[in-house]
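Q: Below, each chain spelled out in residue letters.
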Amino acid sequence: AQSVSQHNHHVILSEAASLELGCNYSYGGTVNLFWYVQYPGQHLQLLLKYFSGDPLVKGIKGFEAEFIKSKFSFNLRKPSVQWSDTAEYFCAVNAENAGNNRKLIWGLGTSLAVNP
Amino acid sequence: NAGVTQTPKFQVLKTGQSMTLQCAQDMNHEYMSWYRQDPGMGLRLIHYSVGAGITDQGEVPNGYNVSRSTTEDFPLRLLSAAPSQTSVYFCASSLADTQYFGPGTRLTVL
Chain C
1 AQSVSQHNHH VILSEAASLE LGCNYSYGGT VNLFWYVQYP GQHLQLLLKY
51 FSGDPLVKGI KGFEAEFIKS KFSFNLRKPS VQWSDTAEYF CAVNAENAGN
101 NRKLIWGLGT SLAVNP
Chain L
117 NAGVTQTPKF QVLKTGQSMT LQCAQDMNHE YMSWYRQDPG MGLRLIHYSV
167 GAGITDQGEV PNGYNVSRST TEDFPLRLLS AAPSQTSVYF CASSLADTQY
217 FGPGTRLTVL
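Those protein sequences? They're chains C and L, same order as listed. Note that our numbering has the first sequence beginning at 1, numbered continuously upward. Note that our numbering has the second sequence beginning at 117, numbered continuously upward.
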């Protein structure tokens, strides 16, 4: 069965530190990849997505992610975090040709706390 | 453009009570889904619909029913609430592969 693994469950950083959140998936075929963010008390919103093309994807608020097909990974990065980046981050994958191609497989999430 | 709306925002039920969580979207999206979010368990898919009149089960469908009589609305019914259904419930709709989420309903079952 397809699965998504987020390695870090809780991350604590100081402002201006660099961030990398890991995401690995298990599926050998073509995938679409997503990172969603949930700020405290708010609903999930799309941070960035990869469907095809340049494997380095830029999203909102200075976030980027790199798709490395050989490693089945889609890690999220930000060079310098801010207090306002405190949130929960979810990686999600859907596999093309897996029936309903809008059905996402979700990671368990990573809680990021940025200290001012 | 309201996007995805959910009502109520908060609800407290007693064990055995039934209720319906409402979800509506005004983006003419065919695909809609219901998730529950629990600490340490991420998002789990309850039910989804690929269009009016079509629904299917997700990972954790037991104790929940859905219907999709219109493109806009996708209500989630709890038949007989149990404490294990205490959770935050999110409705989402999608265009292509990007999902748009509602603000959530925080449900407590006593």
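These are calculated hints, taken from the structure and not from any lab test. Heads up, some of the hints might be wrong.
Stated by the list, open to error - One side only, chain L facing chain C, incomplete, derived with CB under 10 Å: (1) Q122; (2) A140; (3) D142; (4) S149; (5) G158; (6) N178; (7) A198; (8) T202.
Every residue gets a Cβ at the ideal spot worked out from N, C-alpha and C, and that includes glycine.
Q: Could you tell me which of the numbered hints above are not met by this structure, giving the numbers in increasing order?
A: 2, 3, 6, 7 and 8
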